[in-house]
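Participant: Protein chains in written order, with this note's numbering: chain A, 1 to 776; chain B, 1 to 338; chain C, 1 to 160.
These are calculated hints, taken from the structure and not from any lab test. Computed from a prediction, not measured in an experiment: that's the story for all the values here. Errors might be hidden in some of the hints.
Only pairs whose alpha carbons sit at most 27 Å apart, straight line, appear in this in silico DSSO-like list of lysine-lysine [unchecked claim]:
id, chain 1, residue 1, chain 2, residue 2
1, A, Lys136, B, Lys311
2, A, Lys290, A, Lys761
3, A, Lys761, B, Lys151
4, B, Lys297, A, Lys768
5, A, Lys549, A, Lys584
6, A, Lys584, A, Lys539
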Amino acid sequence: MNKIVPAHNIGGYVPMIDGPEKVSGRAKYTADIMAPGMLAGRIFRSPYSHGEILEVDIAAALKLPGVKAIVTGADCDKTFGVLPIARSEHPLARDRVRYRGEPVAAVAAIDDTTALAAVRLIKLKVRELPAYYTAKAAMAPDAIAIHDKKPGNLERDVLFELGNTAQGFAEADLVREETYNCAEVCQNQMEMHAAVADYDAVRGRMTVHASTQVPYYVHLMLSQILDMNMSRIRVIKPHVGGGFGCRTETLNVELITALLARKIGGSVRTVITREETFITHRGRPETDIKLIIGLRKDGRITAVECECDQRGGAHSGYGVVTILYSGSMLYAIYDLHNVKYLGRRVLTNTPPCGAFRGHGTVDIRFAFESLLDRMAGELGLDPFAVRRANYLNAPTFTDNDLMVNSYGLPECVDWVERASGWKARKNTMPKGKGLGMACSHYISGASKPVNWTGEPHATVKIKLDFDGSVVVLSGAAEIGQGSSTILVQTVAEVLGLDLSRIRIVTGDSDIVPKDNGSYSSRVTFLVGNAAIDAAQNLKRVLVAAAARKLEAKPEDIECLGELYRAGAQDKGASFDEVVVEALKDTGTITVTGNYSTIPESHGGKKYRGAAIGGTMGYSYSAQVVEVSVDEETGVVTVDKVWVAHDCGKALNRLTVEGQVQGSVWMGMGQAMSEEVAYHDGLMLTANMLDYRVPTIQDSPPIEVGIVESNDPHGPFGAKEAGEGSLAAFLPALTNAIADAIGIRFNDLPVTPDRVFEAIEKRRRALGKEKNSSGGA
Amino acid sequence: MDALPAFDLLRPTTLDEAIRIRVAHPGSMPLGGGTDLVVNIRRGIVAPAMLIDMNAVSELKTIRADARGLEIGASVKLAELAGHPDVVKHYPVVAQAAGFIAGPTHRNMGTVGGNLCLDTRCIYYNQSEWWRSANNHCLKTTGDICHVAPKSRGVCFATFSGDLAPALLTLGAEVDLVGPTGRRTLPLSKLYIGHARQGEPVTETRGDGKYFLSLRPGEFVGAVRAKNMPELRSAYDKIRIRRSIEYPVAGVAVALRREGNTLADLRVAFTGTNPRPVLLEGTAALCGGALDERVFKGLDDLVRDQIMAMKTTFTPGHYRRRVAGVLARRLVTRLFTD
Amino acid sequence: MARILAFVLNDRARTDAVPGNLLLLDYLREVVGLTGTKTGCDGGECGACTVLIDDKPTLSCLTLAASVEGRRVDTVESLGTDGQLSAVQRGFHEKLGAQCGYCTPGFIMASAGLLRKNPNPSEAEIIAALGSNICRCTGYVKIIEAVQYAAALRAQGIAP
Ligand SMILES: Cc1cc2nc3c(=O)[nH]c(=O)nc-3n(C[C@H](O)[C@H](O)[C@H](O)COP(=O)(O)OP(=O)(O)OC[C@H]3O[C@@H](n4cnc5c(N)ncnc54)[C@H](O)[C@@H]3O)c2cc1C
Ligand code: SF4
Ligand code: FES
Ligand code: FES
């Protein structure tokens, strides 16, 4: 007979539990939901950048046979927005349109053809207002306010100085200032936005299927926009085809579809186009950075000054959070003192930006690691040595009060140095080839949620019933990142059961406990801990039942997963027998697990503008990128990437590797080819031909090293794995290009034409030099 | 679900039938793989009342390639052309150009006829109906200005981006055109009429950028033909921002003949730059000597004079023109020394 | 005008009346209800809609339904037998070639098309064959491994 041992469920390579649905085409995404009689929704969007609305004429459209309802701004005077302090957006514009593509009206019709025909009949009349497409133009003294409450079009400015930068710079051996520009980028997840809303007029209930990362926020905003009691709303999140941050706030398509459904008292499905998905946007803003670093000969950073302007688009969205993160997350990776930060989030007449993977940290990290690399070179220091000279000494609190308990950056740095063969190869690369390195970090969930309600940060329920199946109920939104798999693994691990015993139900507000959603990499850490708590509570119930059944004391009961026994000699009771015993008095058992962050992690108490970035655990990443540059054409090829990521503890090595590879690769897109561009506020690149996401033929092998720093608070020691490795790619790339051809690129993306141009410029400059020296 | 304007689709199996349908339905358009046309219909750029699916027309589906000559039917798929052993062997420039187009799945669909008659492209044109209307359209469709060259009087500068044309131009190819009035054969270079000078009338030999092919009403491309010149070495190369799902930033075809140390013949053609594929004029003057700086300098001058890349793509025109020259140089060097 | 379309869909003969302007993608999803095939772009730019027509990977978003008359169309729903996943499906599942899964049916069909033609592709051949498909999650590394694994499963006769 096999010896019974508890099943081990973490630390291995575990395929995702919902994989079979996805590979067989059975997984339903929002657009796959259809029912007879369902109407087609379609949105009429402003062709103007900025204007006072004079008239929205829907008369002709309403007369079109097959049109069932049209909603306009007149149907809803409420506003929405993710931050309680910045809810400035109407689902359908009222009074003013502020960007080209802003929803103005929407049609529900019997089919898409009719809906489209109706949209074509809608006429919008406006009095045009001056429009601003750059942060600079919007901040000009004579610019009119895009939102009345935001004079100067400043959504938020932040200024802090911690320590004494003047003194810090005075102590430096080298002080350098550089400016950087990162183009706007967009998540462009593969699933286009969609919503299905069904209004039960008899009962006054609304059900919305939404392709979202935050079903709870959608629930809140639906209640606000529809002016309906929350108890009458049900939000269902089917499979979601990626998010990367653009679905971390309620989107107008969800609200508009609900408005339509209520108006007709039935079901409406709105699937927007790729172009509209781009325009819905919520991407990473165009960012201008001025950075000054003071560096000593021994590699120590003595002071940092950073100015950061973000072109935020026409509405607030997450803007305030983004600009705050950009400052506060200067910290918690290196031991920094004497830091000054000035951030400006600017409103412009372009589609609203939002939270994109690596939220707030990516462009700043690009600038920082680029400048550090440049200065290291100037001081004759090895890039690795400079990073090593500035390590934090964890556990510690940073100057801006961020709590760092586990710190695997040194191991990450060592790993990529070794794996890439840096020492042997760095100075022997052939012409046109180069190696570059950089580091980055990210939070594992914000310690303070956006909506502070006093509830625990995460709640998970487990249901155990007569059949012995363990059903995990969680509101955590599985969006492809593998959160459901991690929660199942976690519960299975605590109970010592095989994964196949555990099922998970997510994404239906009627059934699962509320969850804040999948953003800022919070799920594994916060929800994972809640799942552990729930599983432990269940185990306690089972141990008590086993004790009753085996007539032993609970503290003598040993849980082996499928077997509970009182000591090694005991024959014990099977899991199924224990379940029967446990259910005897209570019937179906449900247990709850909670998790709350500790107050010490909330951070930034002391400083205005540093009041964000607190988390229970920071992940760390180091990367080495190898490139080849074709100096005649400017074409850059990434030959290979080595990345090490400190995720605390890899609960699932397969998904950690997948997340890290995906992050690095997404960083590559931003660094090399992706760019949202406008022509007078019209998005020029709102398709997948001009918005250039790398293809498989452009993508390098990415070798992943997993570093486990075992965070004291993380679930089994785990921290986040899905965002922290994105940022380091950008500077590692440009540092590698600098190594290959001696030119530093401060502006992203580094497209072939830019490389070509820079090489030409150098050639011309050298030619001039030669000429002038020849003439002397 | 995409709401396309209403149209009918017919699938003739013979060329005669295709011609008959075309005559009966003046508003019809031939459909190859649809990788360009269906995109344009979905964007509301064109709205033909009828599509004639050319893929079942058996006469148009053959490739004949040997040491003497090459003939490719208009309905041949790009993937087949790129992988055809005799094309690869005798006409490498054609196989390479075909193999570089779009992406592998696109090449299973796209046809030779569609590629030769590919609509010209522009960042202000290849946009949705909503987008173009918000931008007041442009003169390639229903508007009256050109956003690329606002001073243009009636001329469109949209870029020709098909990869096969330059390859075939270096081989001196001819096209067979079939239509209601019969068949005719034209040098391929004459199919592309680009645009006239500002203000000049449009004729069969001078287009305006909107009308950039010298097809007569109702005419199809039936086949394209080239003779082999056994000594000719040829190759194709192209610059793209991505290696797939991407039109050329610039594409270059080169065919040359080397006699001893002498460059005896040189043909260089470009795509992705001008409103038509350009076979450089004046390369004969560069022949007759060694491959030296003089040739390269001369080539650069010809490129500067004849290659004009306007701001029709997101990638700057200046770069497209310069890099086209770089590729030409490289290919010439490689072919000469190989 | 609607025309009669007779063809073979996932191994079953099928006859339908379809208008000329109906895309094969919309026909499959909205008329037949086979929603495994996905829409990822406004036409020809992402590969999410890839199906096999006579074993060749094809973009259903640029194909008109009426043009598949007399041909054989296979969607992701055709793969797998007796409730078991096919080799390609197992590869994408077990090697994490699918994260959010939205691009997955397209990648799986492009890969299935490749393996039908070339049962033992090199890494370069896999990369060449999947060039019309975009995935926004994986960075492609594990997609390549998935196809290699699938080829091995088929070669060993473990999965069809
Ligand atoms: C993402 C993407 C990338 C692309 N990249 C490239 C690229 O790199 N290089 C490139 O060259 N192309 C590219 N293309 C365009 C296209 O795929 C190819 O040019 C293809 O060869 C077009 O052929 P088709 O059969 O699909 O043409 P269709 O779309 O069927 O037709 C194109 C035009 O030709 C006309 N036509 C078709 N057949 C005939 C005929 N026999 N006689 C007269 N007129 C005819 C049609 O009426 C239409 O006007 C790309 C397309 C996409 C979607
Ligand atoms: S070149 Fe001018 S006229 Fe031609 S498509 Fe572009 S904007 Fe329109
Ligand atoms: S849906 Fe994107 S290529 Fe077909
Ligand atoms: S798995 Fe999400 S797009 Fe590929």
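Participant: Please verify whether A/Lys136 and B/Lys311 have alpha carbons no more than 27 Å apart.
Facilitator: 25 Å, holds
Participant: Quickly compare the C-alpha distance for B/Lys297 and A/Lys768 to 27 Å and report which way the hint goes.
Facilitator: 21 Å, holds
Participant: Are A/Lys584 and A/Lys539 close enough, with their CA atoms no more than 27 Å apart?
Facilitator: 16 Å, holds
Participant: Checking one constraint from the list: CA of A/Lys290 to CA of A/Lys761, max 27 Å. Satisfied?
Facilitator: With Cα atoms ~23 Å apart, A/Lys290 and A/Lys761 stay inside 27 Å; holds.
Participant: Please verify whether A/Lys761 and B/Lys151 have alpha carbons no more than 27 Å apart.
Facilitator: 31 Å, violated
Participant: Tell me if the straight-line CA distance from A/Lys549 to A/Lys584 falls inside 27 Å.
Facilitator: OK: A/Lys549 and A/Lys584 at ~11 Å, within 27 Å.
Of the numbered hints given earlier, the model fails hint 3 alone.
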